[in-house]
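Student: Please model the complete structure; the sequences and the hints are all you need to start from.
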Amino acid sequence: DTAVSQTPKYLVTQMGNDKSIKCEQNLGHDTMYWYKQDSKKFLKIMFSYNNKELIINETVPNRFSPKSPDKAHLNLHINSLELGDSAVYFCASSQGGPGDTQYFGPGTRLTVL
Amino acid sequence: QKEVEQNSGPLSVPEGAIASLNCTYSDRGSQSFFWYRQYSGKSPELIMFIYSNGDKEDGRFTAQLNKASQYVSLLIRDSQPSDSATYLCAVNFSGGSNYKLTFGKGTLLTVNP
Chain G
1 DTAVSQTPKY LVTQMGNDKS IKCEQNLGHD TMYWYKQDSK KFLKIMFSYN
51 NKELIINETV PNRFSPKSPD KAHLNLHINS LELGDSAVYF CASSQGGPGD
101 TQYFGPGTRL TVL
Chain A
114 QKEVEQNSGP LSVPEGAIAS LNCTYSDRGS QSFFWYRQYS GKSPELIMFI
164 YSNGDKEDGR FTAQLNKASQ YVSLLIRDSQ PSDSATYLCA VNFSGGSNYK
214 LTFGKGTLLT VNP
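Protein sequence lines correspond, in order, to chains G and A. With the first letter of the first sequence counted as 1, position 21 gets the number 21 in my numbering; the numbers rise by one all the way through. With the first letter of the second sequence counted as 1, position 89 gets the number 202 in my numbering; the numbers rise by one all the way through.
Among the hints, a few may not be true.
Examples of chain A residues toward chain G, derived with CB under 8 Å [what the hints assert, rightly or not]:
{"#": "1", "residue": "157"}
{"#": "2", "residue": "162"}
{"#": "3", "residue": "199"}
{"#": "4", "residue": "201"}
{"#": "5", "residue": "213"}
{"#": "6", "residue": "214"}
{"#": "7", "residue": "216"}
{"#": "8", "residue": "218"}
Just so you know, the hints here were simulated from the structure itself, not pulled from any lab data. Beta carbons: idealized from backbone N, C-alpha and C, even for Gly.
Tutor: Dropping the structure here:
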C-alpha cells in the first residue's frame with residue numbers, strides 16, 4: 001500500500017489554465033504539507049494543514065489554494081497558471097509534533113507551456 | 114530569514130571511501146535536524162534525524178550535531194554507488210510552527226565504482 005499518493009504524476013498545461021493536484025495519505029497522520037521543488041532542486045514549504053486546519057501559509061501567490069476535506073487528503077488548486085509555476089510539487093505527511101519525520105509522496109511534475 | 118546552507122557539490126568519492134556531507138544553520142535555538150536522501154526523479158526519503166549534540170549511528174550512516182557551532186553533518190562509511198543521490202539537510206527552526214522544516218539546497222553525491 002502506498003503511504004502518500006499523489007495524482008496526477010505528470011501535468012502538462014497551457015499558461016492561464018486552472019489545475020488541481022490531489023494528495024492522500026493512509027498513515028493516519030495528522031499533518032500534511034505541500035512543497036515545491038524548482039529546477040535547482042530547492043525544496044520549499046508552501047502550505048501545511050493539521051487536522052484540516054491551515055497552520056503554515058508561506059509567501060505563495062493567491063493563485064495557489066490548498067483544500068483539506070479531511071485529515072487524510074490535501075489538494076492543491078492552482079489558478080491562472082504561469083511559466084514560473086513549472087516545478088515538481090510534493091505532498092508530505094507527518095504525525096505531527098516537534099520535528100516529526102515527514103513522508104513524501106512521489107511528486108507531481110507540472111509543466112506550464 | 115532562517116537559513117540552511119549546504120555545499121551544493123557535486124561531491125565525488127570512490128567506492129568504499131567515507132563521504133562527508135555538511136550543513137550549517139542560522140538559528141541557534143533549532144531543535145531537530147534531519148537528513149533526507151533524494152534519488153534523481155524520486156521523492157525525498159528520511160535517512161536519519163538527530164536532536165542532541167554528538168554522534169548518532171545507524172548502519173553505515175553517522176549524523177553529527179554541534180549546536181554551539183550550528184552545524185550538522187552526515188558521514189557515509191564504505192560508500193556504495195547506490196548512495197549516489199542528492200542529500201538534503203532539514204532543520205526544524207525554533208520559535209515558529211513545530212510542523213515546519215526548512216531544507217537546504219542539497220548536496221549531490223556521486224560514488225564512483
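Student: Out of the numbered hints, which ones does the structure contradict?
Tutor: none
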